[in-house]
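Residue numbers (our numbering), protein chains in the order written: chain A, 8 to 340; chain B, 8 to 340.
One or more of the hints may lead you astray.
No copy labels: a pair is met if it fits in one copy or bridges any two.
Straight-line distance between alpha carbons at most 35 angstroms, and here's what the computed DSBU-like set of lysine-lysine pairs gives [claimed, not checked]:
| # | residue 1 | residue 2 |
| --- | --- | --- |
| 1 | LYS318 | LYS35 |
| 2 | LYS294 | LYS209 |
| 3 | LYS99 | LYS286 |
| 4 | LYS99 | LYS294 |
| 5 | LYS294 | LYS235 |
| 6 | LYS286 | LYS187 |
| 7 | LYS209 | LYS9 |
| 8 | LYS9 | LYS99 |
| 9 | LYS9 | LYS235 |
| 10 | LYS294 | LYS35 |
| 11 | LYS99 | LYS235 |
| 12 | LYS235 | LYS209 |
What the hints contain is simulated information worked out from the structure, not anything from laboratory work.
There are 2 protein chains.
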Amino acid sequence: MKKLINRPEDVVTEALQGMAVAHPDLLKVTFGPNYIVRADAPVQGKVALVSGGGSGHEPMHGGFVGMGMLDAACPGEVFTSPTPDQMIEATKAVDGGAGVVHIVKNYTGDVMNFEMAADLARGEGIEVEAVVIDDDVAVQDSLYTAGRRGVGTTVLAEKICGAAAEDKQSLQQVADLCRKVNANGRSMGMALTSCIVPSAGKPTFELGDDEMEIGIGIHGEPGRERRKLAPAGEVVESLATPVIDDIPFQEGDEVLAFVNSMGGTPTIELYVVYNELYKLLEGRGIKITRNLIGAYITSLEMAGVSITLLKLDDELTRLWDAPVQTPGLRWGV
Amino acid sequence: MKKLINRPEDVVTEALQGMAVAHPDLLKVTFGPNYIVRADAPVQGKVALVSGGGSGHEPMHGGFVGMGMLDAACPGEVFTSPTPDQMIEATKAVDGGAGVVHIVKNYTGDVMNFEMAADLARGEGIEVEAVVIDDDVAVQDSLYTAGRRGVGTTVLAEKICGAAAEDKQSLQQVADLCRKVNANGRSMGMALTSCIVPSAGKPTFELGDDEMEIGIGIHGEPGRERRKLAPAGEVVESLATPVIDDIPFQEGDEVLAFVNSMGGTPTIELYVVYNELYKLLEGRGIKITRNLIGAYITSLEMAGVSITLLKLDDELTRLWDAPVQTPGLRWGV
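Using the sequences provided together with the hints, build the complete structure.
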């Protein structure tokens, strides 16, 4: 296992310590239970956004804590759901009296634990709305999921809803907006290589030197099929076609196109992929009006890519463009 | 070779096409000869900054074209110097009458071709100053270099000098500032795995499953030594100690600490590395007042990391903080 770490059991704690000393202007990290809150939390009168999930998907979610995006993130161990005590402590720490939205990726453990935390928070008088993101069109049920998995649309929902919360929209408005983003977003990913969970020390799955997995999950969960390596154009077609056909996205639609590295795929390849996606969408009459290209929801050092399309309207575009200041996404400030 | 590409010989062109359609608001790409200029070039009365080098180091340099950073970038084939005709065309395209600074990483081909382009540009009446970046303390001479290689400090020089050019500083001032950044910056990198140049189709070098290379170059040039894998703390000590001892950085210094992924190392590991670097510098009384953590000067999909320290003063800090709007670095706008 080739990783820049110390003891495998300390990776999450030490990465969080690194976050804390790197970004004290943006966020604060609490240990035991672990959670990250924006430096100025709680912001009085503003709806607070809390997300979380297993670690190993950096910069998601901790790297999206800050002005214009998340108020708090709860990092679990690698590929392991955070616990309800992390979520309840984070929820209490960021509640500014206007309620809290939990943005939850659809994995069984995450959903169960966030539900428990929401119940506990409500018992303490905090209004909580939970929104589950389930945008991955690859498979219906999966290894850790009943229904579709939550992937790339989560990043977009956190940005867009973060902007709405800064605008002092109400709890119900922000939660409804999050559901709208989920309804308008679809994703699918693929892997060229497996990742290695530090505590396991060996690849999560085996792939031949001439194979790739289409429809992979962000924990290495099985996808739709294993296939021989193919040119980027064919890979993009395999990912984008099910995404487009699902809503379906239609001629004349304006979309945000998000090309995401699974962690080990470098920028030069992301632009080759983006170029193929652009041509494919242009051929279908779908117009990319915003984009995001980089490593934003990863699977440790997995080589591979995911494609997310989000159907935009004026409201979503305006909120996407609004200022954001987090370690992972920053503009306008 | 597992890469998201089409034909190996088309990688650079297709990645540039991807850049062009992804960022028309920020930059324009010209093909044959290939160069990238900011969308509003030439900016009249402003010193223009041109850089370039082999492709495979993305987002450097094309991803740093835009307001507050580079006016133009000349991308060569993968790990191959761009040609003088690219540089002269780029120089002419961005000259706004106040002169042009060429920021050149110290590799023999880059230096030679930029010198030729500068001579040609001067012959056409454009004032050109060239600054060579040679910040890599790993080795004195290397495979493609007489003297030290140019690495991470290049990114910092492009940002800081870009801000100075926006301030309408003179050609001499911007060039002198670039030399100051080079004098104040030192770097060293390491690799856990080799990269694969697309046209070669096989690893540039072989490393055992239990080995790493300390002092690697960004094209896989040999470093100081091969060593057994070690914990992140030891790796950071091996990189940071020669960096600190070189200038030397001293107790009381304020620095920008730049932890860079070589391409295949994910964000979670970068924060483990940053945490170790922070502790080491704190122990020496060196204060990190700014940082940059991510993949900014890569070596295709190489797993590994480089550390750059830049000694800051009020001038450099102010220019670092100034607004920038490029695909690779963006804040303040």
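Structure-based check of all given hints:
1. For a Cα distance limit of 35 angstroms, the shortest separation of LYS318 from LYS35 qualifies both inside one copy, at 34 angstroms, and across copies, at 26 angstroms.
2. In this assembly of identical chains, LYS294 and LYS209 lie within 35 angstroms of each other by CA distance neither inside one copy nor across copies; the values are 42 angstroms within and 38 angstroms between.
3. For the identical chains of this complex, LYS99 and LYS286 are inter-copy neighbours only, at 31 angstroms across copies versus 47 angstroms inside a copy, given an alpha-carbon limit of 35 angstroms.
4. For the identical chains of this complex, LYS99 and LYS294 are inter-copy neighbours only, at 34 angstroms across copies versus 42 angstroms inside a copy, given an alpha-carbon limit of 35 angstroms.
5. Proximity of LYS294 to LYS235 under the C-alpha cut-off of 35 angstroms is restricted to the intra-copy arrangement: shortest distance 31 angstroms within a copy versus 51 angstroms between copies.
6. Taking identical chains as interchangeable, the C-alpha atoms of LYS286 and LYS187 lie at most 35 angstroms apart only when both belong to the same chain, with a minimum of 27 angstroms there against 44 angstroms between chains.
7. Proximity of LYS209 and LYS9 under a CA criterion of 35 angstroms is satisfied in both settings, with 10 angstroms inside one chain copy and 19 angstroms between copies.
8. Taking CA atoms no more than 35 angstroms apart as the test, LYS9 paired with LYS99 passes in neither setting, with 39 angstroms inside one copy and 46 angstroms between copies.
9. Taking identical chains as interchangeable, the C-alpha atoms of LYS9 and LYS235 lie at most 35 angstroms apart whether they share a chain (26 angstroms) or sit on different chains (11 angstroms).
10. Only between protomers do LYS294 and LYS35 lie at most 35 angstroms apart by alpha-carbon distance; the minimum there is 19 angstroms, versus 39 angstroms within a single protomer.
11. Taking the shortest Cα distances, LYS99 and LYS235 never come within 35 angstroms of each other, neither inside one copy (49 angstroms) nor across copies (46 angstroms).
12. When the C-alpha separation of LYS235 and LYS209 is checked against a cutoff of 35 angstroms, the pair qualifies both within a copy, at 23 angstroms, and between copies, at 18 angstroms.
Of the numbered hints listed earlier, those contradicted by the structure are 2, 8, 11.
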